[in-house]
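Participant: Produce the complete structure using the sequences and hints provided.
If you're matching positions, the sequence shown starts at 195 in this note's numbering and goes up one per residue.
Calculated from the structure, these hints are not laboratory results. The reader is advised that the hints may include incorrect statements.
Straight-line distance between alpha carbons at most 30 Å, and here's what the computed DSS-like set of lysine-lysine pairs gives [unchecked claim]:
| no. | residue 1 | residue 2 |
| --- | --- | --- |
| 1 | K217 | K272 |
| 2 | K323 | K410 |
| 3 | K252 | K230 |
| 4 | K259 | K217 |
Since the structure is predicted, the reported quantities are computational estimates derived from the model, not experimental observations.
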Amino acid sequence: MLKDNHNLIGNAPNPSIKKGTIKEKLIVFLEETLCKFQEHFKGNVIDSEENLNEQLGKTLSYFSKDQAFIFQAETKQKQIKGIDRRVDIGVFRHFSDSTPFFTIEAKRLTTSMPVNREKEYVLGSDPTKFSGGIERFKYNVHGVNLDHSAIIGYIQNEDGKYWHSTINNWIQELIDGKIKSPLSWFSNDLLFNTCNFQDVRIVKSISESEKTNQTKIRLNHYFVNLCE
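Facilitator: Now the structure itself:
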């Protein structure tokens with residue numbers, strides 16, 4: 195259970211599982227657990243991002259007792275310069291590890307957002323604050339020095355198809371220069387749907403973003419439908 199924003203929310207890993215397969219096992223576990231989260235918390239269409247993240251953290255903790263990884267809320271992401279940032283959830287192999295091997299950021303998806311926050315899944319209104327989800331990974335302030343992470347979108351109105359199209363439209367406008375950004379945006383930043391929208395509960399997509407340090411990060415995107 196989460197007692198505060200800095201507590202571990204999982205148990206010790208199973209040493210019998212080889213490290214080489216841990217990301218694959220994590221992705222399978224994450225997708226299965228997000229379905230359980232959706233089933234339990236559907237209808238929460240006005241909850242804040244903070245409250246939903248707390249519920250997600252407890253859900254991941256509860257179902258990961260026999261898994262090879264540990265989840266920690268508000269994981270510190272050490273920066274080369276400036277103040278350290280925190281990502282919503284860090285995933286660790288062992289409690290003694292100082293850095294996560296995978297990170298998870300989460301954003302609300304609702305048309306009721308204020309205009310200055312409506313594109314927050316992708317980027318924030320102030321490029322100096324790095325408040326957007328994908329933006330933070332491209333800046334390497336989230337998923338620091340990692341090549342794989344995830345972003346979760348809590349759908350609180352509309353549906354997965356709508357948000358997949360809307361987010362890709364925003365990214366395309368960044369690529370075309372119609373939205374100004376100090377970052378370079380490319381076609382690989384666009385979300386590629388991997389589930390053909392067959393399950394309305396969870397829409398799954400992937401993208402690959404180039405970071406400001408010239409490395410790349412693969413992002414798994416999960417749109418969790420809390421409307422139904």
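Participant: Look at each hint and say if it fits the structure.
Facilitator: Against the structure, the hints:
Restraint check for K217 and K272: the C-alpha separation of about 22 Å stays at or below 30 Å, so the hint holds. Taking the CA atoms of K323 and K410, the gap is about 21 Å. The hint holds against a cut of 30 Å. Annotation: proposed proximity of K252 to K230 holds, straight-line Cα distance about 12 Å (limit 30 Å). For the hint linking K259 to K217, the alpha-carbon distance of about 17 Å falls within 30 Å, and the restraint holds.
Consistency note: the structure conflicts with none of the earlier hints.
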